[in-house]
Every structure is written in structure tokens, then in C-alpha cells.
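Protein chains in written order, with this note's numbering: chain A, 1258 to 1369; chain B, 926 to 1038.
Think of the hints as simulated: they come from the structure by calculation, not from any bench.
Bear in mind the structure is a predicted one, so any value in this text is a computation, not a measurement.
Glycine included, C-beta positions come from ideal geometry on N, C-alpha and C.
Heads up, a few of these hints could be off.
Here are some of the chain B residues that sit facing chain A, going by a computed Cβ distance under 7 Å [unchecked claim]: (1) G928; (2) I937; (3) G967; (4) F989; (5) Q992; (6) F1029; (7) G1030; (8) P1031.
DSSO-like, lysine-lysine: derived pairs with alpha carbons at most 30 Å apart [unchecked claim]: (9) B:K934 to A:K1325; (10) A:K1306 to A:K1317; (11) B:K982 to A:K1325; (12) B:K934 to A:K1309; (13) B:K982 to B:K934; (14) A:K1325 to A:K1313; (15) A:K1325 to A:K1309; (16) B:K982 to A:K1306; (17) B:K934 to A:K1317; (18) A:K1325 to A:K1306.
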Amino acid sequence: GDSVTQMEGPVTLSEEAFLTINCTYTATGYPSLFWYVQYPGEGLQLLLKATKADDKGSNKGFEATYRKETTSFHLEKGSVQVSDSAVYFCAPPVSNDYKLSFGAGTTVTVRA
Amino acid sequence: DSGVTQTPKHLITATGQRVTLRCSPRSGDLSVYWYQQSLDQGLQFLIQYYNGEERAKGNILERFSAQQFPDLHSELNLSSLELGDSALYFCASSGRLSTDTQYFGPGTRLTVL
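Start from the sequences, fold in the hints, and give me the full structure.
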């Protein structure tokens, strides 16, 4: 069935460092892909999405490109800030039976 | 603010008890999802309703049940509570399509003592 594999954390970085979180998926066809972020004490919120192959989603300096050749949707940011400390979830493709689980996510801590 | 509301924010109860968590989706959203987030299990999908009908079931225990009412709000009922049920419970809502963004509520923190 459809699924996603996300890089495990935790990840600790210094401010202004480059961040990449790997995410690969298996799916039937080319579904929409999403990255969600959970800041401390809050619920998940959409960070960015891409609705078709070769699309690039971007928001708050984060980018992810939907690459069908490698079935990947890696999240990147060129220069992280302390405020980017959060848990990042690569959402699995929604399968035909609509079942999905986000897993543990990747905890990112940015130090000043 | 996602537009999804959940009550209560915190809930403390004892083992064996029953609780009800409530969720109001964003205006216009027909789908409601329930998730459980614990430290050891991550964010697990429990169940989804669409316009009052159950659409998908995930890792939901038999002691748990949910429903979506005609006004589209949803309730998650947890019974015979165990210590391991302590977790954050999130509700999310989305539109009609499976590709629509899910909007998450702030969660209910359940502590079972």
C-alpha cells in the first residue's frame, strides 16, 4: 500500500545552518504530497504542499520538490533560525482507503 | 488559528473511566479526522468521518468510538481508560477531496492516573 519513509531524528543544528529532511514515498500514481510542522505545544499545521510531479512547494524559506524519478519529497531550508525548532512530518500519500499515519516525525532543534 | 476547535484542552481522569472529546471542524469542511499522539507511537490515525459517515479506520481500539453529528462536529469517546491512553488527541478537518489540506485543532491532552 501507499506509505512514506521519513528520516529519523532528532536533528540539532546551529543557526544559519542548512537543513534537509529526507522523505521518500511509495504510492500508486502521483498523489499530492505534504509537509506539516508542529511547533512546541501546538497542533500540526501545513508547511507546504505539491500537487503534482515536478512541483516545488515553498513557505517560510522551506522548499520541497516533488521528484517522481526518485519518489522523494525532501524538505530543505538554506539558513535555519531558532524559531524553526519543531517537529516536521512528511505526510504519507492518501491511499484509496484514506488510511494514513504520520509516524514520529523528525524533531529539529536549532541552537543560537 | 486553524479554525478547528477542540474541547477540553486538558483532561485528567482515572483508570477505568470514560471521557468524551469534542471537535468542531472549520466552516465548510465535511471531513473530520482523529489522531492520537504519544511519545512512543508518534502521530497515529484513529478514524475519519465524512459528512456523518465513517470513511476510514486506523489503529483505533475497540474501547474507543467516534461519531460525527449532523452539524458536522465530532466526538471521540474513550472508555475503560488505561494508563497507556494518556496522550494528545488531535482532531483535523478537510474538504471533500482526499488531496485537500488537513487543518489541525490545538489538541486535547488526556492524562489517565
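>> Run through the hints listed earlier and report the numbers of any the structure violates, in increasing order.
In response: 1, 2, 4, 5, 9 and 12
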